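Peer 1: Chains as they are written, first to last, in our numbering: chain V, 1 to 237; chain F, 238 to 552; chain W, 553 to 860.
Hints listed in this document are in silico derivations from the structure and should not be mistaken for laboratory results. A quick note: this is a predicted structure, and the numbers were derived from the prediction, not measured. Where is the CB? At the ideal position from N, CA and C, for every residue including glycine. Be a bit skeptical, because a hint or two may be false.
Restraint-style ranges between C-beta atoms, simulated for each label pair [claimed, not checked]: (1) V:Q132 / F:G250: 46 to 54 Å; (2) V:G16 / W:A835: 38 to 46 Å; (3) W:G754 / V:A29: 53 to 61 Å; (4) F:V379 / W:G673: 29 to 37 Å; (5) W:A835 / F:V379: 47 to 55 Å; (6) V:V134 / F:P420: 50 to 58 Å; (7) W:A722 / V:H194: 43 to 51 Å; (8) W:S831 / V:G40: 56 to 64 Å; (9) V:P108 / F:G250: 30 to 38 Å.
List of simulated lysine to aspartate or glutamate pairs, EDC-like, C-alpha gap at most 20 Å [unchecked claim]: (10) F:K549 / V:E98; (11) W:K759 / W:E680; (12) W:K644 / W:E748; (13) V:K75 / F:D370; (14) F:K549 / V:D129; (15) V:K75 / F:E432; (16) W:K644 / W:E565.
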Amino acid sequence: MTVLLSTRGLTKRFDGLLAVSDVDLDLTAGDVHALIGPNGAGKTTLVGMICGRIAPTAGSVTFDGRDITTLPAHKRIGLGMAYTFQITSVFAGLSVRENVALAARGQPVQGDQVDRAVCAALDKVGLSDRAQEVAGNLSYGHQRLLEIAMGLAQAPRLLILDEPTQGLSDGEIARFTALIEGLRGHTTVLLIEHNMRVVWEVADRVTVLNFGEVLAEGTPEDIHENRAVQAAYLGTG
Amino acid sequence: MSRDTARILALHGGLLVLLFVAQFVLPAYHHGNLARIMVLASYAIGYNILFGYTGLLSLGHALFFAAGMYGMGLGIQHGGLSPAPALLAGVVAGAVVSGALALLALRTTGVAFMIVTLMFAQAGYLTILYFGDYTRGDEGFVLQTAQRMLWGIDLSDPTNRYFAAFTLFALCLCLSLWLVRAPFGRVLVAIRENEDRVQMLGYDTHAHKLAAMVISGTISAAAGAAYGLLFGYVGASFGSVQYSILPLLWVLLGGAGTVLGPFIGALFMFYLIDLSSGLTAAYMLIAGVVLVVLTLFAPQGLVGELRRRFWKGLP
Amino acid sequence: MEIGPYILLASLEGAVTAAVLALTAVGLSLVFGVMRVVNIAHGEFFMLGAVLAWWVANTVGGHPAIGFAAALIVAPVLVGVLAALADMTILKRLNYDPERTIVATIGLLYILQQLTLMTYGPDARPVEAPFNQRIALPWIEHTEAGWQMYYPWGLSTTSYKLAVIGAAAAVLAGVWAMMARTRIGLLMRATQADREMALAFGIPVEKVYALVFGIGAGLAALAAVLIVPIQQAHYLMGADPLLLSFIVVIIGGLGSLPGTVVAALLIGLSDGIISVFFSPTLAKILATLLVGLVLVFRPRGLFGTRAP
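Bound conformation, chain V alone (with noise of 0.2 Å):
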């Protein structure tokens, strides 16, 4: 089992205000790992931290072996890792196509593998009939999936996603978790995830963040049975 991505001490300090402190968090490659917790545990800020869009105040972050602590967010990204946004920000005013070919074109690949790769994260994601719409035209529920096809079309080692199934239908939060199936094994998962249901389903390790800190780690069922836990955070969810 090898760890793609681990942090060790990772913290940050917001004017004086600890929003993660001395986080250490490992990402076995291949796993769906999901991280959870109330509303202002500092997800959100964890996973800026990793993915180079917030600078730690302490700590550091490791991918593949490598320190990435000081890379730009662009260079950790040409190494393999992407990040799809909590707050869907897909380009309103480009095409879903060009929005996807964006993601894949951020990738040293050519040509004829754009169009494949942006075809095959459309079909994924089923929006494949919608390509040619301007992306600001889509329903919320589809510029979350359009957000996804994005993270997809970069084919990264590691692919993060902050709440995708937020303001998602039934159905597709279904084949949402049928999508992430489909990546076990290969792509390395790092799900921020609210809906309780997707992470007992998709979910092979669990962290829990509460006041920055990490209150937990386990399998799901390990989680699930944790008080400290149901008190934190389940209790009140």
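Assemble the complex: chain V is given as a structure, and chains F and W must be docked to it using the hints.
Peer 2: Chains F and W only, in chain V's frame:
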């Protein structure tokens, strides 16, 4: 070639054919105007790369236009260059100046970027005035006919001048059309829409913006150098704030982020001001009114409206 | 004149510049602080103040003091109302989008300037000062006979210039009192702090904006009325105050009133003294470069501490 690509080539090629044929039928006055408009439109095309496609609103492009004009003009006047290397000197000056300003100004965004470009352009304009011994300041200097012989072609002759302006414009138009349809141009558009997201797709957005600003500044400088050479005059007023506002005005009027917009905007604005300057000395009033009306009622501009209503895929 | 008295004279002239500049820049800063927009037409409101002052003084006639007093009230109020109207018809409809507002106020700049050219004409015209006694200033020098006080030739100011400094100080104190002590100032500060929250608490944000834009322009016009007996009214006179106000507001920290006043003093005084040593063009080149570089490397201003 897809059907859309064929239509796009037909439209833009059609305009170039029209402009080429126009020189044989237009009366002398409009013939001269159109030559001037094509050079100014080339300037606007350069501006549009940065503002229309990349979403960076510069208030300092007169610096690049003037860098081209003075790089060329001083090269001829004091460096003893012939027009071809002088033009090259102007273009290189524009590339260097825009690269330097980009390195500084791109550390800022939004309103600060606008003010920073405005301030450095103003410093450039004042520098032209300060070295009045060489630049002749506000008064400027005239390039003699003998200094304007490009490869034996007399650029002060109206027919040659029109053809030279047409060549520059055609080059700039084709370059801009190719650029914005190429993957590089698509990334610029994406940066305009959401820079953060582009970065998270693995692109070095800073490098892209830097390149966009240098390309934009270099095209502007080429237009400035050509303007000085074709019309035989180099003056500080081309480096003033007004010449930073004008390309913004043309691009807004024609349609920011459209390939044809800069030309359409420059054409309309030129004749609007031309007509009104017959009525009043305060012709910049028209520019002011058009700016306010456009921001209020038609932020897309003329070609932008056309695209919105009739042709979604128009580049 | 020797260098010592010369610098004293330059500082006095600089103090007048600083006083007028502080008023103009505080107007710009107030608008930026509360509304988060940059008003490029600010210099034209200054120019309008001067031109209207000439118009009022000429219409009223009689003793120069009467005309000037009338101008002191009429010009800023008219300019303020005009600016408030511009806010309600243009800026409000742009939703105060920062970039589009800049483009629109550039348009407004040309409209005001060119309309003035069409009506008022291209000439520079003076307004007579209400009072203008020459005041000779003493200088102390160490000679063989010990410390001596004497009146160097050319070292003088006028009662009017001193009055300008006093008036500007009084108005600035008034602006500060309005912001700190009155209900309307409270509404402005609340709107500045959080527009959405202010709306939620039922503060008429749009009216506050129109008022702030009007007061900002009115301050520029007032500054112009004060300076017009010293400089003349001309349709292109708005460019320099705009540039200098920018310098002051950016160096003082965007939107910070105390920072703006300190920066105005610094710039006004150094402007007087620098022009003793440098050519005005070189001084302007250095000033514009300074603004650019401060924005690039110290976006919070040289004195600002909080984020803009």
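Peer 1: Now look at each hint and say whether the structure bears it out.
Peer 2: Right, here's what the structure says about each hint:
The given range of 46 to 54 Å is broken by Q132 (chain V) and G250 (chain F), whose C-beta atoms sit roughly 25 Å from each other. In this structure, G16 (chain V) and A835 (chain W) meet the distance hint of 38 to 46 Å, their C-beta atoms being roughly 43 Å apart. For the hinted restraint 53 to 61 Å between G754 (chain W) and A29 (chain V), the CB-CB distance of approximately 57 Å keeps it satisfied. The beta-carbon spacing between V379 (chain F) and G673 (chain W), approximately 30 Å, falls within the hinted interval of 29 to 37 Å.
Judged by the Cβ atoms, the range 47 to 55 Å given for A835 (chain W) and V379 (chain F) is violated: they are separated by roughly 30 Å. Checking the proposed 50 to 58 Å range against V134 (chain V) and P420 (chain F) shows it is violated: the Cβ atoms sit about 20 Å from each other. Checked against the hint of 43 to 51 Å, the C-beta distance between A722 (chain W) and H194 (chain V) comes to roughly 59 Å, which is inconsistent with it. At roughly 59 Å, the beta carbons of S831 (chain W) and G40 (chain V) sit within the given window of 56 to 64 Å.
Between P108 (chain V) and G250 (chain F), the C-beta spacing of about 34 Å keeps the proposed range 30 to 38 Å intact. A C-alpha spacing of about 14 Å is found between K549 (chain F) and E98 (chain V), which places the hinted pair at or below 20 Å, so the restraint holds. Of the supplied pair hints, the one linking K759 (chain W) and E680 (chain W) is violated, its CA atoms being roughly 37 Å apart against a limit of 20 Å. Between K644 (chain W) and E748 (chain W) the CA atoms are separated by roughly 15 Å; this keeps the pair inside 20 Å, and the hint holds.
Distance restraint check for K75 (chain V) and D370 (chain F): the Cα-Cα separation of roughly 50 Å exceeds the 20 Å cut-off, and the hinted pair is therefore not satisfied. Proximity of K549 (chain F) to D129 (chain V) is assessed by CA-CA distance (about 18 Å); at most 20 Å being required, the pair is judged to hold. Between K75 (chain V) and E432 (chain F), the direct Cα distance comes to roughly 15 Å. Compliance with the 20 Å bound is thereby established for this hinted pair. Our distance criterion of 20 Å between C-alpha atoms is broken by K644 (chain W) and E565 (chain W), whose separation comes to about 40 Å.
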